[in-house]
Each structure stands twice: as C-alpha cells, then as structure tokens.
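Protein sequences, first through last, are from chains A and B. Residue 133 in this note's numbering is what sits at position 133 of the first sequence, and the numbering runs on without skipping anything. Residue 77 in this note's numbering is what sits at position 77 of the second sequence, and the numbering runs on without skipping anything.
The reader is advised that the hints may include incorrect statements.
Per label pair, the in silico range of CB-to-CB distance [stated by the list, open to error]:
hint : chain 1 : residue 1 : chain 2 : residue 2 : range
1    : B       : Thr141    : A       : Phe126    : 37 to 43 Å
2    : A       : Leu110    : B       : Lys112    : 50 to 56 Å
3    : B       : Thr139    : A       : Leu62     : 46 to 52 Å
4    : A       : Leu64     : B       : Gln107    : 53 to 59 Å
5    : A       : His19     : B       : Glu85     : 34 to 40 Å
6    : B       : Glu85     : A       : Leu162    : 31 to 37 Å
7    : A       : Leu110    : B       : Gly110    : 49 to 55 Å
8    : A       : Gln44     : B       : Pro84     : 16 to 22 Å
Straight-line alpha carbon distances no greater than 35 Å define the calculated DSBU-like cross-link-like pairs of lysine-lysine that follow [as the list claims (entries may be wrong)]:
hint : chain 1 : residue 1 : chain 2 : residue 2
9    : A       : Lys139    : B       : Lys182
10   : B       : Lys52     : A       : Lys47
11   : B       : Lys161    : A       : Lys146
12   : A       : Lys146    : B       : Lys92
13   : A       : Lys139    : B       : Lys41
14   : B       : Lys180    : A       : Lys139
15   : A       : Lys139    : B       : Lys92
16   : B       : Lys128    : A       : Lys47
17   : B       : Lys100    : A       : Lys47
18   : B       : Lys180    : B       : Lys92
19   : A       : Lys47     : A       : Lys139
20   : B       : Lys190    : A       : Lys146
21   : A       : Lys47     : B       : Lys161
22   : B       : Lys112    : B       : Lys156
23   : B       : Lys124    : B       : Lys28
24   : B       : Lys41     : A       : Lys146
25   : A       : Lys139    : B       : Lys128
26   : A       : Lys47     : B       : Lys112
27   : A       : Lys47     : B       : Lys156
28   : A       : Lys47     : B       : Lys180
29   : B       : Lys182    : A       : Lys47
30   : B       : Lys100    : A       : Lys139
31   : A       : Lys146    : B       : Lys52
32   : B       : Lys41     : B       : Lys156
33   : A       : Lys139    : B       : Lys161
34   : B       : Lys52     : B       : Lys28
35   : A       : Lys139    : B       : Lys28
36   : B       : Lys190    : B       : Lys28
37   : B       : Lys41     : A       : Lys47
38   : A       : Lys146    : B       : Lys182
39   : A       : Lys146    : B       : Lys28
40   : B       : Lys128    : B       : Lys118
Read the hints as simulated data drawn from the structure, not as lab findings. The beta-carbon is built from N, C-alpha and C at its ideal position, and this holds for glycine as well.
Spelled out, the chains give:
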Amino acid sequence: MSSPNTSPERYGLTAIVLHWLLAIALIGLFAVGVYMTGLPFSPQRLKLYNWHKWAGVTILALSLLRLLWRLTHQPPALPPAMAQAMPRWQHWAHHGTHHALYGLFFAVPLLGWAYSSAAGFSIVLFGVLPLPDFVATDKALAETIKPWHEVSAYVMAGLVLLHVAAALKHQLIDRDGLIGRMWPGRR
Amino acid sequence: MNLRQFTVSLLLAAASLGGSGVVLAQQKLVPAQSEIVFVSKQMGVPVEGRFKRFDAQISFNPAKPDTSKIAFTVDTGSATLGVPETDAELPKPIWFNVPKFPQATFQSSGVKGLGAGKFEVAGKLSIKGFSRDVVVPVTLTQNGAATTATGTFSLKRLAFKIGENEWSDTSMVADDVQVKFKLALTGVGKL
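The shape of chain B in the complex, shown without the other chains (with noise of 0.2 Å):
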C-alpha cells in the first residue's frame, strides 16, 4: 500500500465513521404520538390504565441494535384508570407512592436483533425503589422517517409492591400486570 492510498482509505475510514456518527446521533421520542398502557385483572376482569407523562433518551442503531441505550422515565403521577376516584388512589404510598418514588425507570442493558424488525431489549426496570430485569420484545415498523416501537411484556405488581395491605390480595387485583406500548420515534435509520 502506497502513501496514496493510504491515505484514501483513512478518508474512507473517517467518512464512514462520521457517516456512523449520523446513525448514532439520539433518536426522538414523539410522546404525543406514542402511549403506554397497563392492564390490570381486578377479580378476573381486564381493567386498562395508561401512563400520561414519559419521556425516553434512545440511542439506536438498527444496523448495531447491540450498541444501542435506551432509557425510558416514566411519570408514576401520571397514571390513570380513567375513573377520578379510583386515580385518586393511585399516587397513595400503597399503589405507586408518587411524593417517594415519583418516576419509574428503564435502563437498557442489552439489545439483540432477532430480524425482520424485532429486537429483544433487557434491562433494568425501576418502580418504587424496586428494581427487576425484564427482557421486553419490541417490534420496529417505519413509514416514511417515522418510526414505531410496538410490544407487549408482562410484570409482577408484588415485585414492585405495587398494591399493598389488603390490595396484595391477588385474588383481587392479579399479580400479573400486562404493559403494552407504541412509541413514535423520529430520526432512526433505515430497518
């Protein structure tokens, strides 16, 4: 290799490497667009809530998802039954104890491309000063230069003591407690 091309590889090199630079620039979370909701079983009936407030700082490569981060907050104030007495409830010490813990976090510590837009995201899950690993599937879908983020996991509401006293009693209120979301994402690179 002569000094010529020496150095037009290293410029190759470097472009390629701004080029990756522009890739892994952060993603936009588009709350407005997006929504994370929660079913709960209270005495076998499905009852659905959502979280109003949340906002995610992603870095996503879909051509690298192994180098991704991606970190979510959540505002446990925000949660709503969509019934006034029962979101009066809610911010109480027994359910999400908001003036304590007043954001649930996620930390991502892994994510694992599994093809055709779905990816497998583990990490670290934060409620009320309890924390879990959870391994949540999300699938990519794009239109244009929008991105959605769609999947479905399940938690345990005791994990996170999420219901105490007498509303431990899982024949009441079940244990499992599925979380569904669809994140609108802007600036992701091409699946």
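Next up, chain A with everything else stripped away, as it sits in the complex (with noise of 0.2 Å):
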C-alpha cells in the first residue's frame, strides 16, 4: 500500500469522463464564442453560431448529469496530511472555485439561450428538434443579456485557469500527487 502522499484515493471513473469531456468542450466553446463574434455576416458565422448554442444546450445537460451526479456520489476526500497543510484561505478557495464554476455550468449557457430567445432566434437543436423559448423576444432585452453571457463566459475561463493553476501548483510545486485523483487513465 503506498502513502496517501504519493497515491490519494482517485475519483470515479464517471466523474473523471465527465470532468475531461467538459474540460474540453468548455475550452473548445469558449474559444468559438470568442472567434465567431469577430466574423463578417457569412454562411460560416450562422453556422458556427448555430454549432455554439447546440454544443452550449449539449453542455447544459451534460452539466446536469454531472451535478446529479456529483450530489450522489461523495468525491474522495483531500488526504489528511494535505487537508492539514493547506491554509484557511485556500481551503475556502478550493471549496469557492468549485461551487462557482458549477454555478457557471449552467449560468453561461442559460444566458446563452436566453439571449438567443429574446433576440428572436430560437434554438432548434441539432437543426431539428425546437427548444422551448423561456423569455420572449424582445431585442432590448436581448441587448440586456448579452454582455452577461460574454461576462460569465469570461468568469468562467478566469476560474478555470486559477482551477488549472492550483492543480500545476500541487503538481509542479507541492509534488503531492493530487492531480492523480482526475488524471485519466490507470495508475
């Protein structure tokens, strides 16, 4: 049996899927939002801002798999002697950083929706199943939303990047092994 240290108790497979999947999808459509705004009015914006909002929907409910998840199955607590080291403040920015992030899961991409909406575009999902308006057109509503989508979205990447930098920090700097707990494949 090898040291806690060295070798904490890992997540579960489904919840390591569910964690790398949307890492990547996140990143990936965060990155299309971002690229797709620039674009000229073409065939290739409308598309890539039909792709955004069924990714976003597909994340939404992927996001509400995770969290029911999550609520049904207690993660692996942090080994003790970590536990014990780590200060007040960052125990409270572990704990913080990860309710805000799912808090974001489904903010941003309800915003999203809801921008959509009031702007007149619904969402047909995948080109052919239509998804409920939940707040009606009205285009100075649509303008209301709008930079609350961008803002989270925005928040949402900030906090990743402090999510990615704490897990290198433990990596590279405290060498305790903690990222073994979500690294995919068998150890």
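Put the two chains together into one complex; each comes in its own frame, and the hints tell you how they fit.
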C-alpha cells in the first residue's frame, strides 16, 4: 500500500470522464464563441453560431448529469496531511472555485439561450428539435442579456485558469500527487 | 312592353349600374394597420422578417370577385429582420438588389370566390426581375366598415435569386419562405 501523499484516493470513472469531456467541450466552445463574434455576416458565421448553441445546450445537459452525479456520489476527501497543510484561505478558495464553476456551468449556457430567444432566434437543436423560448422575443432585453453571457463566460474562463494553476501548483511545487485523483488512465 | 314600362326598366338598369359602380370604386389599403411578414428558416430556425413599406391598388367587389383587380407594390429596401447587421445585407445584390430592383410587385390575373369570405387570388409575383405565377389564398373578415384580408402562401426564394452564391445553399437558408399578410382595407362592399 502506498502512502496517501503519493496516491490519494481517486475520483470514480464517471466523474473523471465527465470532468475531461466537459473540460474539452467548454474550452473549445469558449474559443468558438470568441472567434465567431468577430466574423462578418456569412454562412460560416451563421453555421458557427448554430453549432455554438447546439454545443452549449449539450454542455448544459451534461452539466446537469454531472451535478446529479456529484450530489449522489461523495468525491474522495483531500488526503488528511494535505488538508492539514492547507491554510484556511486555500480551503475557502478550493470550495469557492468549485461551487462557482458549477454555478457557471448552468449560468453561462442559460444566459446564452435566453439571449438567443430574446433576439428572436429560437434554438433548434441539431437543426431538428425546436427548444422552448423561456424568455419572449424582446430586442432590448436581448441587448441587456448579451454582455452577461459574455462576462459570465470570461469569469468561467478565469476560474478554469485558476483551477488549472492550482492543480499545477500541487503537481509541480507541492509535488503531492493530488492531480492523480482526476488524471485519466490507470496508474 | 310599352314605352312607359321600357323607360322604367331602363332607369332601373341605369340605377343598378350606378349602384354597382359605387361598389366597384377603388378600395383602399391602410398601410399603417397592415403587415407583410416573411418567415425563412436558417439552419432549421424560423426567422421572421417584414416589409415596412408597401401599397396596393385594389378594385374588388365581393359579389363579383372575378372582376377584381389587385396590384401590389412592396419596397424591397424596407425589408427588416430586426437585426441591424442583417438588415445592412438585405439591399445588396445577392439578396434583394434594391438599387436595381427597388420594388417587388404582384399583379392579379384572376380572383375566385370560394364562399364564406374565402378567395383565391391568382397572379404574377415579380421580385428582382423574375416573375412567377402564384395562387394566394385570402380570407376576408369584416368589422363595420373595416375589412381585413389575411393569408399565407409560400414561395421559393431561389426562383427569384434571393440569396445568391454562398447563400444559395438551402441547408443554410431553406428555399421555402412563408409569406404572411394582414391587410386593412376600406371601401369593400358587404360580403
């Protein structure tokens, strides 16, 4: 048996798969979002906007699945030695970042959906399944919602960077193997 | 028939002609209370647009629909989807080509009464230099002196080259466009 310092208890397979799948999807979708808004009026722009919306709704559904999984499956506790070594502010940042990220997994796509509806463009998932508009068409409301979708996405990007930086700090500075809890593949 | 009876019938005929003349007088469109909406599908998403300026010359007698004449003009430059970036594109040559074709027109060739306030208006629709025969179903409803004509028909945008080159891809913008209208009319005789 190895010491908890080098091999902390891992997350379950489902949690690991959802984590990496959504990590790739969120980073990709953020990049598409930043890119597409700068495009001139063209079929390419229209295509990317619709793909962005379809992917956003898919991420929203996967995030709901992930939240339900998280609420019904206790994640592994921090290794006791690590938890004791962490100052209070780090415990706070650790929980705060994760809670904020989960909140944004829902807020960002829902704001995007609301913006699309308010702007008069209902979402038709994959071009076949019309989704309901939970806000009415209202151009003024659309302009109000638009920056919120953008700002919340940038806040999420910032928290993702913080999350990655913290994981790297554990791996490269503390060398405590914490990253192994979420790293894919067998060890 | 003696001369007196003949004179009376002649007068009656003249009076009835005069009467029908009143009914046949030009009907008028009230643009402020009318709307022409078009719904196109962009990657499956219905997107509503409208024309803000249009007018019509209408000579319509509900009792004799086949004698009716309807001529419509729509300012293509007044098309809007409610999105400034898109509206800036619509006047361009690949869409409505407004500088060259500022107006779309409809000229009726025949009106058929189907009963219960329903009519079928056949005619020629011309957009961007292309003409196509269309049959437009129209329903009339009356409330006092006001008459409202409503109807929906679909057209193929590519038949009029609305959306050329890269925009002729119907997987991006469907070929079928629904046109919905609600026209407020004055001077229409009782149905």
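Hints, verified against the model:
1. Thr141/B <-> Phe126/A: 37 to 43 Å: holds, 40 Å
2. Leu110/A <-> Lys112/B: 50 to 56 Å: 51 Å Cβ-Cβ, so the 50 to 56 Å window holds.
3. Thr139/B <-> Leu62/A: 46 to 52 Å: holds, 47 Å
4. Leu64/A <-> Gln107/B: 53 to 59 Å: holds, 56 Å
5. His19/A <-> Glu85/B: 34 to 40 Å: The hinted range 34 to 40 Å holds for His19/A and Glu85/B, with Cβ atoms some 38 Å apart.
6. Glu85/B <-> Leu162/A: 31 to 37 Å: holds, 35 Å
7. Leu110/A <-> Gly110/B: 49 to 55 Å: Holds - the Cβ-Cβ distance for Leu110/A and Gly110/B, about 53 Å, lies within 49 to 55 Å.
8. Gln44/A <-> Pro84/B: 16 to 22 Å: Between Gln44/A and Pro84/B, where Cβ atoms are some 20 Å apart, the hint holds.
9. Lys139/A <-> Lys182/B: holds, 23 Å
10. Lys52/B <-> Lys47/A: This hinted pair holds, its Cα atoms lying about 28 Å apart.
11. Lys161/B <-> Lys146/A: Holds: Lys161/B and Lys146/A sit about 34 Å apart, inside 35 Å.
12. Lys146/A <-> Lys92/B: Judged against 35 Å, a Cα distance of about 28 Å means the pair holds.
13. Lys139/A <-> Lys41/B: Distance of about 19 Å is within 35 Å: holds.
14. Lys180/B <-> Lys139/A: Roughly 22 Å separates the two Cα atoms, so the pair holds.
15. Lys139/A <-> Lys92/B: holds, 24 Å
16. Lys128/B <-> Lys47/A: Roughly 27 Å between the alpha carbons, so the hint for Lys128/B and Lys47/A holds.
17. Lys100/B <-> Lys47/A: holds, 30 Å
18. Lys180/B <-> Lys92/B: holds, 24 Å
19. Lys47/A <-> Lys139/A: holds, 22 Å
20. Lys190/B <-> Lys146/A: violated, 51 Å
21. Lys47/A <-> Lys161/B: Holds: Lys47/A and Lys161/B sit about 21 Å apart, inside 35 Å.
22. Lys112/B <-> Lys156/B: With Cα atoms ~24 Å apart, Lys112/B and Lys156/B stay inside 35 Å; holds.
23. Lys124/B <-> Lys28/B: holds, 21 Å
24. Lys41/B <-> Lys146/A: The hint holds at about 23 Å.
25. Lys139/A <-> Lys128/B: Distance ~30 Å between Lys139/A and Lys128/B Cα, so the pair holds.
26. Lys47/A <-> Lys112/B: Since the Cα atoms of Lys47/A and Lys112/B sit roughly 43 Å apart, the hinted pair is violated (cutoff 35 Å).
27. Lys47/A <-> Lys156/B: holds, 22 Å
28. Lys47/A <-> Lys180/B: holds, 27 Å
29. Lys182/B <-> Lys47/A: holds, 33 Å
30. Lys100/B <-> Lys139/A: With a Cα-Cα distance of about 31 Å, the restraint between Lys100/B and Lys139/A holds, given a limit of 35 Å.
31. Lys146/A <-> Lys52/B: holds, 27 Å
32. Lys41/B <-> Lys156/B: holds, 12 Å
33. Lys139/A <-> Lys161/B: Given pair Lys139/A, Lys161/B holds - Cα atoms ~29 Å apart, limit 35 Å.
34. Lys52/B <-> Lys28/B: This hinted pair holds, its Cα atoms lying about 17 Å apart.
35. Lys139/A <-> Lys28/B: holds, 33 Å
36. Lys190/B <-> Lys28/B: This hinted pair holds, its Cα atoms lying about 15 Å apart.
37. Lys41/B <-> Lys47/A: holds, 13 Å
38. Lys146/A <-> Lys182/B: Measuring from Cα to Cα gives roughly 33 Å; hence the hint holds.
39. Lys146/A <-> Lys28/B: Roughly 43 Å between the alpha carbons, so the hint for Lys146/A and Lys28/B is violated.
40. Lys128/B <-> Lys118/B: holds, 30 Å
Figure legend: structure checked against the earlier numbered hints; hints not met, in rising order: 20, 26 and 39.
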